[in-house]
Structure formats: structure tokens, C-alpha cells
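> Below are the chains, spelled out letter by letter.
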Amino acid sequence: MKKITVIGAGTGGAIVANSLARNLKKEIQKGQVQVTVFDGAKYHEFQPAYLGVAFRGSNKNAIKRPIRSLLHPDVKLINENCSEINLANEFVVGEKPGQRIDFDYIVIALGCKPDPGQIPGLTEANLDFHTNAQASSIVYDRISKFKGGKIVTGITGLPYKCPPSPNESTFLLHEFFTKKGIRDRVKLSFITPYLRPYPAEPISEVIEPLYKERNIETVLGFNVDSVDPVKKKVFSVEGESVSYDELFLVPPHATPNVIRKAEFSDDEGWVVVDKRDLHVKNYDYAFAIGDNTNLPISKAGVEAHLEGIVVANNISAEIKGISERYLFTGRFQCTMETGFHKATFVVGTYQKPVKKIYPSFANYVKKKIMSKIYWNAELGKCEWLFKLNFGKDYYDVIRDGKTAAPAARAIPN
Amino acid sequence: MTTITVDSRGTACPGPITDLIRAYRKAANGDVIELLATDVGIKSDAKAWCDRTKNELVNITESDGTYKTVIKIVSKRENRDT
Ligand SMILES: Cc1cc2nc3c(=O)[nH]c(=O)nc-3n(C[C@H](O)[C@H](O)[C@H](O)COP(=O)(O)OP(=O)(O)OC[C@H]3O[C@@H](n4cnc5c(N)ncnc54)[C@H](O)[C@@H]3O)c2cc1C
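So the protein lines, in turn, are chains A and B.
Just so you know, we're using the numbering used here here: the first sequence kicks off at 1 and counts up by one.
Just so you know, we're using the numbering used here here: the second sequence kicks off at 414 and counts up by one.
Keep in mind the hints are simulated off the structure, nothing from the lab.
Even glycine gets a Cβ: it sits at the ideal position worked out from N, Cα and C.
A few of these clues could be false.
[As the list claims (entries may be wrong)] Partial selection, computed: residues in chain A whose CB lies under 8 Å from chain B:
no., residue
1, I67
2, G157
3, P199
4, A200
5, E238
6, V242
7, P296
[As the list claims (entries may be wrong)] Listed below are the simulated DMTMM-like cross-link pairs for lysine to aspartate or glutamate, each with C-alpha atoms no more than 20 Å apart in a straight line:
no., chain 1, residue 1, chain 2, residue 2
8, A, K233, B, E491
9, A, K113, A, D266
10, B, K439, B, D452
11, B, K460, A, E238
12, B, K439, A, D267
13, B, K439, A, D115
14, A, K355, B, D452
15, B, K460, A, E201
16, B, K439, A, E240
17, B, K467, A, E240
18, A, K275, B, D452
19, B, K439, A, D266
20, A, K281, B, D420
21, A, K372, A, E45
22, B, K439, A, E268
23, B, K485, A, E238
24, B, K467, A, E238
[Said to hold, decoys possible] From chain B, some residues computed to sit far from chain A (all C-beta separations above 10 Å):
no., residue
25, M414
26, T416
27, T418
28, T431
29, G443
30, D444
31, E447
32, T451
33, E469
34, L470
35, N472
36, T474
37, S476
38, G478
39, V483
40, K485
Chain A on its own, in the form it takes in the complex:
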């Protein structure tokens, strides 16, 4: 029997496990293949909705589903965190010491989390909207009571997930205080280590006028070193400071402990993978997808999804003896709400740089549709739509050693 183990049942892990279960249905029924998922969490939260919880007061309980309900019935769930991943000897260990589970193939999809401890003072001073729905709801409580003063948003360290989210938080704060009628009493200041409000120039050119028009200060090239929660100041590594009354910064992110110091991760704890077929360096039976990889693209759900499709196909093809293989195109896609029912998208691939996309109501609707179909997409019920939407970027195919794009019609973004 071929044993496939998936570690993590988040956006990428669920997609890969469910696709494997569908691709290998017959083999699983015949007892030739087993797909097992490890995840210690009870619920899977839809993370993009944290922004709505934090800045619009949406219901924090409406954005989660039990992990089991998002997995195909043929997938075995071990509702435990993994405490050891041993690629060389092909086994993992759950929470119970000595419980060793062997595998033939493994997919590591553990995501990443805010790690405010990297910046002295940040844990005490800051409220963030990247940790979970509960933490995000505290941001809303705080802004609801805010009567006036200076709010600082922005980026503290790299990398973090969803690159547009710091900009988005700033625009949603502008919307919140404008609707409340006290915008003139609130100073908004956005700090970033980049030299423009958005790292990629074309999108920066699109949003820069919004910062000016909305009277939002930008502090560019500011590399956060530490925060003094008593003096209420953020310091840069060069010794400059920015004062605040409320701080809603995005902390630097890190991978879970089980992989942070692993021999297959880089010196910062990101799993080193091949950027096209996503195998872990030196292990052709091990793969990593989603936020926990060292890939030089943004950390976002769309990437985790498309990588999951590639890996699930390639493992299934190898087991079935099919020669066709998929390659990840590097497609990334992040929404940035700019407030007042408008949004833009940051879209590109390894080959195609980010283009200018102006904020529009149509993009906002597209974002809403994406969030509505998320749970069904995790179950694999919307793959046709993804294929249609991503067109040539969905994946590359190798047939007989030659690369070709999948046959699908592209819808312009």
C-alpha cells in the first residue's frame, strides 16, 4: 500500500488531500493507497475574512468550518499536530511520543503565523489581524472605542502573508472613520520598509493617489527595529521613530516549530522547494506547498491552491504510472480592497510581472464571489471555475518531456 501523508489541513493541505482522494479513488477503495492528514486544529478559518472582522465588525464565528467537514470522506484525519517530520527515514510523529507513522509520499502544508517576538515590544504594543478571528475581533472593539488620535499601520518585517493586507487595513480604517464621521480627528500613518506604498511599482502607482487624496501619511523605507509600548513609539533600525496612539501593524511571520529548524528548511525556517514541481530539495517523494515554502512569490491562498493541484496530480500520476506531469507557473493573486466597495488585484506569475489594475466595483464583486465559493473550492467543487479563471497560468503540463499550457480559456483579470 502507498501511504501519502499531508501535514496541515489549511488552504493548501485540504486541496491537495481532496484532489488526491479524487484522483486515486479506485486505488483507495482497493486498499492500494491511503491518504492521511495531520492537523491539530478543530476549525479551518477563512483568513482573508480577518480584515472584515477587524475593520468592519463581521461575525468572527461565521468564517470557520470544522476541519473534518472540508476533507473528502476517503481522507483519514489525525486531529493532532505533527511534532517531528523525518524525511530521510520517511516517518512523522504526532503528539503522542513514539507514535511513528511511515509514509511513501509526504506533502508539507503548515502555513506560517505572525511571530511578533522577533521585534522587541511588538507583542505588548500591537493588535494584529493575521493571527486568528478572535484576535481580529479585538481590533474592531478597539477602533469602535477610538475617539481620535494617531493610528499607525503597515509592515514590520518580511515575509508576511497577503502582501496587500497592510494597505487594505489602512484603507478600511479610512472607510470606518469616514462613515463614523470622525475621520478629521484620526491621523492615519502607514509605515513600510519599501520605498513605495506597495512593493510592486505598478500597483503602487495605482494606490499612491489614494494615500494623498485621503490624507494618509506614508513613512517609506522605515525598517522597524523595536516598539516602546510605554512611550508609544516605533523605532527604526537607523534610530528614527514614529509615535502612535493605536498600533495595528502586520508582524513578521514564521513557520511552525516542527519545520523551523528542520534540515530541509533554510536558515529562516522556510522549506526549500523546487519552484516548478515543488519537491523538497534532495527528496523526490517529499513536497511542500503554500505559505511554508521559500518560493520567491507572495504568500497567499491562490498560490497554495494552485501548488496543491500540481502536487496532487504528480503524486497520483506516479502511482498510476501516467507520464504527464504538471508544473507550477508561479501564479499569484491577491485582492486589495481600497474601501467603499472597490478593489484591485495584484496578479502575476514567475514570467509575467505585476500589471496595473485600477480599483473597481467589479473587482470588489469578484473578491466577494471568491469568498462565497471558498468552502466549496476547498472541497474541489469549483476547480472548473479556477481553471477557467487562471487559463494558461493554472499549471504547465509536461508531456513526453515537453512543456505545454493546459487547454483552458483565459478570462482577463
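Chain B with the ligand: place on chain A using the hints.
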């Protein structure tokens, strides 16, 4: 003094500047960051970044489509006064 080599070849903007910012966090005064990039945008970005952060741009050279940017880190404050 340590030389930190960062390989951003094959990544488009903002890949190289992102890698530079990440390397800068780990560097100390006196260290040298050597950034390799194929995106031509790094030439203006590295210069503007050095001007803003007050670090020293030693040089930018080009060979076979790879831009090698050498930056000496000089502007980190040594002690936190928080
Ligand atoms: C505010 C915000 C806005 C966002 N907006 C967007 C957006 O607009 N578009 C977009 O595409 N993406 C967006 N994202 C990013 C997106 O949610 C993530 O990139 C995506 O969830 C990554 O998927 P993943 O599978 O890599 O990790 P995750 O979905 O985070 O899943 C990781 C899983 O691993 C589990 N786990 C952790 N440790 C262990 C362990 N030791 N053993 C077993 N299991 C473990 C966790 O419980 C979790 O279920 C946003 C994120 C945030 C925070």
C-alpha cells in the same frame, strides 16, 4: 565583517528589494551585502534605498545580464534606547 550574498536572480520587482530588506535585518554595521539580480529595476531601487537608509552603495556592476550590487551597512544604530 561578514559578506552576505543574496541571490535574487530570476525574480522580478519587488523580489530583489525584498531580499535586500530581509538581508539588511540580519546584517550588522560593517557587513557587506552582495545582491545578485537580473531585474534591471534594482539599479535605481538600490540607489534610492541606500540614500533613504543612509547605507553605502559601493558599486553596481553588470555581467551577462546579472547586476551585482554591493552595499556596505553603516547606518544601524548600535544600542536601543527604548
Ligand atoms: C488578513 C489576511 C488576508 C488574506 N487575504 C488573502 C487574499 O485576499 N487572497 C489570498 O489568496 N490569500 C489571502 N490570505 C492568505 C491565505 O489565507 C494564506 O496564504 C493561505 O491560507 C495559506 O495556505 P496554507 O495551506 O499554506 O496555510 P494555512 O491555510 O495557514 O494552513 C496551515 C495549517 O497547518 C496547521 N498546522 C500548523 N502547525 C501544525 C503542526 N505542527 N502539525 C499539523 N498541522 C499544523 C494549521 O492548523 C493550519 O490548518 C490572507 C491572509 C490573511 C491573514
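> Against each hint, give a clear statement of whether it holds in the structure.
Do the hints match the structure? See the list:
{"no.": "1", "hint": "I67", "in the structure": "violated, 32 Å"}
{"no.": "2", "hint": "G157", "in the structure": "holds, 7 Å"}
{"no.": "3", "hint": "P199", "in the structure": "holds, 4 Å"}
{"no.": "4", "hint": "A200", "in the structure": "holds, 5 Å"}
{"no.": "5", "hint": "E238", "in the structure": "holds, 5 Å"}
{"no.": "6", "hint": "V242", "in the structure": "violated, 13 Å"}
{"no.": "7", "hint": "P296", "in the structure": "holds, 5 Å"}
{"no.": "8", "hint": "K233/A with E491/B", "in the structure": "holds, 18 Å"}
{"no.": "9", "hint": "K113/A with D266/A", "in the structure": "holds, 17 Å"}
{"no.": "10", "hint": "K439/B with D452/B", "in the structure": "violated, 23 Å"}
{"no.": "11", "hint": "K460/B with E238/A", "in the structure": "holds, 17 Å"}
{"no.": "12", "hint": "K439/B with D267/A", "in the structure": "holds, 11 Å"}
{"no.": "13", "hint": "K439/B with D115/A", "in the structure": "holds, 16 Å"}
{"no.": "14", "hint": "K355/A with D452/B", "in the structure": "holds, 16 Å"}
{"no.": "15", "hint": "K460/B with E201/A", "in the structure": "holds, 16 Å"}
{"no.": "16", "hint": "K439/B with E240/A", "in the structure": "holds, 18 Å"}
{"no.": "17", "hint": "K467/B with E240/A", "in the structure": "holds, 12 Å"}
{"no.": "18", "hint": "K275/A with D452/B", "in the structure": "holds, 18 Å"}
{"no.": "19", "hint": "K439/B with D266/A", "in the structure": "holds, 14 Å"}
{"no.": "20", "hint": "K281/A with D420/B", "in the structure": "holds, 17 Å"}
{"no.": "21", "hint": "K372/A with E45/A", "in the structure": "holds, 13 Å"}
{"no.": "22", "hint": "K439/B with E268/A", "in the structure": "holds, 10 Å"}
{"no.": "23", "hint": "K485/B with E238/A", "in the structure": "holds, 14 Å"}
{"no.": "24", "hint": "K467/B with E238/A", "in the structure": "holds, 8 Å"}
{"no.": "25", "hint": "M414", "in the structure": "holds, 18 Å"}
{"no.": "26", "hint": "T416", "in the structure": "holds, 15 Å"}
{"no.": "27", "hint": "T418", "in the structure": "holds, 13 Å"}
{"no.": "28", "hint": "T431", "in the structure": "violated, 6 Å"}
{"no.": "29", "hint": "G443", "in the structure": "holds, 14 Å"}
{"no.": "30", "hint": "D444", "in the structure": "holds, 13 Å"}
{"no.": "31", "hint": "E447", "in the structure": "holds, 17 Å"}
{"no.": "32", "hint": "T451", "in the structure": "holds, 12 Å"}
{"no.": "33", "hint": "E469", "in the structure": "holds, 13 Å"}
{"no.": "34", "hint": "L470", "in the structure": "holds, 14 Å"}
{"no.": "35", "hint": "N472", "in the structure": "holds, 20 Å"}
{"no.": "36", "hint": "T474", "in the structure": "holds, 22 Å"}
{"no.": "37", "hint": "S476", "in the structure": "holds, 22 Å"}
{"no.": "38", "hint": "G478", "in the structure": "holds, 16 Å"}
{"no.": "39", "hint": "V483", "in the structure": "holds, 19 Å"}
{"no.": "40", "hint": "K485", "in the structure": "holds, 14 Å"}
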